[in-house]
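Number of protein chains: 2
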Amino acid sequence: MLLKVRDLNIHTGGPLIAIIYSKDADQMDIHYGDRILLKHNNHKAIAVADITHNKNTIRPGIIGLMEELENKLNAKTGAMVRISIIPKPESTRIIKKKMSGKRLSYKEFLMVIEEIVHNHLTESELAAFVTACFIHDLTNNEVVSLCKAMVVTGETLKFKRKPIMDVHCIGGVPGNRTTPIIVSIIAAAGLLIPKTSSRAITSPSGTADTVETMANVSLDIKKLKRVVMKTGGAMVWGGALNLAPADDKIIRVEHPLNIDAEGQMIASVMAKKFAVGSTHLLLDIPIGGTAKVRNVREATKLRKRFEYVSKSLGIKTRIIFTDGSEPIGNGIGPALEAWDIIKVIKNDKDAPRDLREKSLVMAGIMLEMVSKAKPGRGYELACGILDSGRALKKFTQILNAQGRSPRRMLKLGKHVRIYYASKSGKIAFIDARALSQIAKAAGAPKDTGAGVYIHHHLKESVKWGDPLITVYAQSTEKLHHASEVAKFPALFRIN
Amino acid sequence: MLLKVRDLNIHTGGPLIAIIYSKDADQMDIHYGDRILLKHNNHKAIAVADITHNKNTIRPGIIGLMEELENKLNAKTGAMVRISIIPKPESTRIIKKKMSGKRLSYKEFLMVIEEIVHNHLTESELAAFVTACFIHDLTNNEVVSLCKAMVVTGETLKFKRKPIMDVHCIGGVPGNRTTPIIVSIIAAAGLLIPKTSSRAITSPSGTADTVETMANVSLDIKKLKRVVMKTGGAMVWGGALNLAPADDKIIRVEHPLNIDAEGQMIASVMAKKFAVGSTHLLLDIPIGGTAKVRNVREATKLRKRFEYVSKSLGIKTRIIFTDGSEPIGNGIGPALEAWDIIKVIKNDKDAPRDLREKSLVMAGIMLEMVSKAKPGRGYELACGILDSGRALKKFTQILNAQGRSPRRMLKLGKHVRIYYASKSGKIAFIDARALSQIAKAAGAPKDTGAGVYIHHHLKESVKWGDPLITVYAQSTEKLHHASEVAKFPALFRIN
Numbered sequence: 001m002l003l004k005v006r007d008l009n010i011h012t013g014g015p016l017i018a019i020i021y022s023k024d025a026d027q028m029d030i031h032y033g034d035r036i037l038l039k040h041n042n043h044k045a046i047a048v049a050d051i052t053h054n055k056n057t058i059r060p061g062i063i064g065l066m067e068e069l070e071n072k073l074n075a076k077t078g079a080m081v082r083i084s085i086i087p088k089p090e091s092t093r094i095i096k097k098k099m100s101g102k103r104l105s106y107k108e109f110l111m112v113i114e115e116i117v118h119n120h121l122t123e124s125e126l127a128a129f130v131t132a133c134f135i136h137d138l139t140n141n142e143v144v145s146l147c148k149a150m151v152v153t154g155e156t157l158k159f160k161r162k163p164i165m166d167v168h169c170i171g172g173v174p175g176n177r178t179t180p181i182i183v184s185i186i187a188a189a190g191l192l193i194p195k196t197s198s199r200a201i202t203s204p205s206g207t208a209d210t211v212e213t214m215a216n217v218s219l220d221i222k223k224l225k226r227v228v229m230k231t232g233g234a235m236v237w238g239g240a241l242n243l244a245p246a247d248d249k250i251i252r253v254e255h256p257l258n259i260d261a262e263g264q265m266i267a268s269v270m271a272k273k274f275a276v277g278s279t280h281l282l283l284d285i286p287i288g289g290t291a292k293v294r295n296v297r298e299a300t301k302l303r304k305r306f307e308y309v310s311k312s313l314g315i316k317t318r319i320i321f322t323d324g325s326e327p328i329g330n331g332i333g334p335a336l337e338a339w340d341i342i343k344v345i346k347n348d349k350d351a352p353r354d355l356r357e358k359s360l361v362m363a364g365i366m367l368e369m370v371s372k373a374k375p376g377r378g379y380e381l382a383c384g385i386l387d388s389g390r391a392l393k394k395f396t397q398i399l400n401a402q403g404r405s406p407r408r409m410l411k412l413g414k415h416v417r418i419y420y421a422s423k424s425g426k427i428a429f430i431d432a433r434a435l436s437q438i439a440k441a442a443g444a445p446k447d448t449g450a451g452v453y454i455h456h457h458l459k460e461s462v463k464w465g466d467p468l469i470t471v472y473a474q475s476t477e478k479l480h481h482a483s484e485v486a487k488f489p490a491l492f493r494i495n
Numbered sequence: 001m002l003l004k005v006r007d008l009n010i011h012t013g014g015p016l017i018a019i020i021y022s023k024d025a026d027q028m029d030i031h032y033g034d035r036i037l038l039k040h041n042n043h044k045a046i047a048v049a050d051i052t053h054n055k056n057t058i059r060p061g062i063i064g065l066m067e068e069l070e071n072k073l074n075a076k077t078g079a080m081v082r083i084s085i086i087p088k089p090e091s092t093r094i095i096k097k098k099m100s101g102k103r104l105s106y107k108e109f110l111m112v113i114e115e116i117v118h119n120h121l122t123e124s125e126l127a128a129f130v131t132a133c134f135i136h137d138l139t140n141n142e143v144v145s146l147c148k149a150m151v152v153t154g155e156t157l158k159f160k161r162k163p164i165m166d167v168h169c170i171g172g173v174p175g176n177r178t179t180p181i182i183v184s185i186i187a188a189a190g191l192l193i194p195k196t197s198s199r200a201i202t203s204p205s206g207t208a209d210t211v212e213t214m215a216n217v218s219l220d221i222k223k224l225k226r227v228v229m230k231t232g233g234a235m236v237w238g239g240a241l242n243l244a245p246a247d248d249k250i251i252r253v254e255h256p257l258n259i260d261a262e263g264q265m266i267a268s269v270m271a272k273k274f275a276v277g278s279t280h281l282l283l284d285i286p287i288g289g290t291a292k293v294r295n296v297r298e299a300t301k302l303r304k305r306f307e308y309v310s311k312s313l314g315i316k317t318r319i320i321f322t323d324g325s326e327p328i329g330n331g332i333g334p335a336l337e338a339w340d341i342i343k344v345i346k347n348d349k350d351a352p353r354d355l356r357e358k359s360l361v362m363a364g365i366m367l368e369m370v371s372k373a374k375p376g377r378g379y380e381l382a383c384g385i386l387d388s389g390r391a392l393k394k395f396t397q398i399l400n401a402q403g404r405s406p407r408r409m410l411k412l413g414k415h416v417r418i419y420y421a422s423k424s425g426k427i428a429f430i431d432a433r434a435l436s437q438i439a440k441a442a443g444a445p446k447d448t449g450a451g452v453y454i455h456h457h458l459k460e461s462v463k464w465g466d467p468l469i470t471v472y473a474q475s476t477e478k479l480h481h482a483s484e485v486a487k488f489p490a491l492f493r494i495n
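Chains as they are written, first to last, in the numbering used here: chain A, 1 to 495; chain B, 1 to 495.
If you're looking for bench data, these hints aren't it; they were derived computationally from the structure. A couple of the hints might just be wrong.
The list makes no distinction among identical chains, and a pair is therefore deemed to hold if it is satisfied within one copy or across any two copies.
Unchecked claim - In silico DSSO-like cross-links for lysine-lysine, where the CA-CA straight-line distance does not exceed 30 Å:
| no. | residue 1 | residue 2 |
| --- | --- | --- |
| 1 | 44 | 55 |
| 2 | 39 | 478 |
| 3 | 97 | 301 |
| 4 | 304 | 96 |
| 5 | 301 | 96 |
| 6 | 72 | 23 |
| 7 | 374 | 478 |
| 8 | 55 | 446 |
| 9 | 459 | 55 |
| 10 | 44 | 446 |
| 11 | 304 | 102 |
| 12 | 88 | 292 |
| 13 | 158 | 76 |
| 14 | 446 | 411 |
| 15 | 72 | 102 |
Construct the complete structure from the given sequences, taking the supplied hints into account.
Right, dumping it as structure tokens:
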């Protein structure tokens, strides 16, 4: 059947959708969700049919095309396209198989992932896949298969030199910005470390957001390679690289469903490492009541799975458990976190000791992993690189190679409110999650200068009237928002 | 934040969606799939946010509204609407609970069903709910809860007179149109039977499609009540009545996912019965290799569940197993099936005996269920009503009350092709599913006169050259389509 195009001027960013009037659909026996093949001159595209009963949307004889489809077909309003119905993609059968609790092979995952990448699955089908993988959690072998399938359907990075170092933290701890410090030390030691990070989804800042206050993080794969070849290191936003693109599309559905499937998470993390060719990975699992992993039992279970998957992918992985009971460093929010990092790298005397310490321990382990340092001597070597100023030099070199950000991004918000201790004593508890919410209410991460500065940490003694936190915002309105979220005294428990 | 409306002129028929430009969404910390509250003058609506990064779709400062939202807000292009973010509906927490395998209460089902009816769930959330209910199949108590929740959120029918008779068949057998015959007999016996039926989804005809060749089936609830009060019976399309509207929305997602969850199916069937106030139900489960239920074991399991749910809903239900190994009657397709029905009701001598027999047996059981006939005497009474012409009189009365369809809908397709037996012998197998496909390829159910007429049934003897089936179509093109689907000799096995 020939239908006349109506350009809907809508960009879905997802499934390729064409809207047909119900009577026309009936004629062709096309149902909602069916796959149709569209042809226009020499252009072809597969779309998912949406059916409307409303002539105001699409009149009989007309087909409404979302922008992506229009571009694929090179068909503007008024063009005639030929429509035919085609069978459902094989991937829908595979999704059904997963629903019924069966295991999927690499080939099957690849089929589904390819359809996801090409936007051939409907929103419902993708949601059903994600739900089924959550309910019947993936086996370790399935995680490996999913991981590989996500990598081969995206961009990859290759270096002739080995080893390729990498580091990752299973999030949930505010201010935990060891990455730029570790990258600087490891690259200064002569190793390659093309580190990709994510932006915040629900937190007040992701590593990519923090680094962006200092340098451009949206590099494509070629530019990234050039930076790493030149400096040994990089700290960029993974999202710009099209590594494992199916992962972003899966997370886009997982997030509103509030699904946090363990197998899917492991595949997501390891795919990014595999795609950049990492040979050695240090994985940090912080444990704490408000962190992603709550206790040692959970952490141990997760470690086993990561070890299995790493081994199968040929990545040498060391996994450490760290303290996730309170924020690391003093700042929460992009610029505030950046200042913590700068102070540590510059060896400022008021640099946050916990951030320095954690970065040195982790960099030390990494240096030992590839025998840059003898067993037990990694920390010492890392310390030397940091204290001698070699890390700072490397840090500057990397930022310059990526391209510096405008200085204003590092400026803190002008509107400030300080919260003081209402009694004297020892700090027994800090609600890290609540601090994140205050920073977000103050405008982080969009307002790079917004956030929370923590004056005192767990187990420190404070006197009545000592400052506990300072909130920075770029408008009085947002400062007010933040103050509404700040619930004292529950936020800091002083005994 | 205030945004200016752009009318997208698209009617989704489903979730209420508003599209916002990414930077604006960032400002308000709105993510894809978040719920937003829109206000315009005194109008309010809750919508699901879709985010675009493409200025061609939605420019900064603009909000794109699907037609349903525009109507709810009474806001045309250029109007200003105030946007604020609101928490996710409670139902998303409940969906997550079902995903993790826990049971849901009536109150929880009601919350989800209400959100479904009001289009407050996204396509993904609905798909996740359906997937979770499929994977962790519902318990019988959950089926009862879901059923009640679907009924209270839709229209219901109430009569002062009791009993209210009903009959239902768990589909899959082509041509199985006992309903109009049973309704006529039962109503002629002085009982109330407001029978609702469905249209074809993937089959060549649903009962509603078949009846529509003779009478109007799209009645609203008031009109239906009037017809039943006047004649005692009705045979209408359930879809026009808004009974259990959530069910249609669930099926709309289930169907493309090819999900056929047993619990959901039972709730769907029983909700329609409960909504029209049925007190007595005869449920027919045909068993056959190509029917929905394949063997006695499956049928027995299903019977137990239906019995439990019926009892909880206070509906007296009798369940029978029937032969689903071959089509019932001679015609497959709306008009062809209607002619079978008419012949049976008129006592024509070439009326299909199997259709007559099955209808009489079922009507007989129903008459015994409410003591209109003594045990064992129901068949006899039904037979008397049919043979005396009282059923025909009632049938005509009901069709007239519903409003007659144009005569042309009963006309058979002009283009005909007959298939003959290629050898002599006894018919050992008829592929009912393949016959349905031929009827569909010929144009059924849209072309009401299209379909397949079966000349010989299972176990009958045929000679070389005897006609086996006649295919009717309204164009040579469709007749050709049908002939491509007709795969002889596999279709009829003659031994």
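Taking the earlier hints as the rules, which of them does this structure contradict?
Failing hints, ascending: 7, 9, 13, 15.
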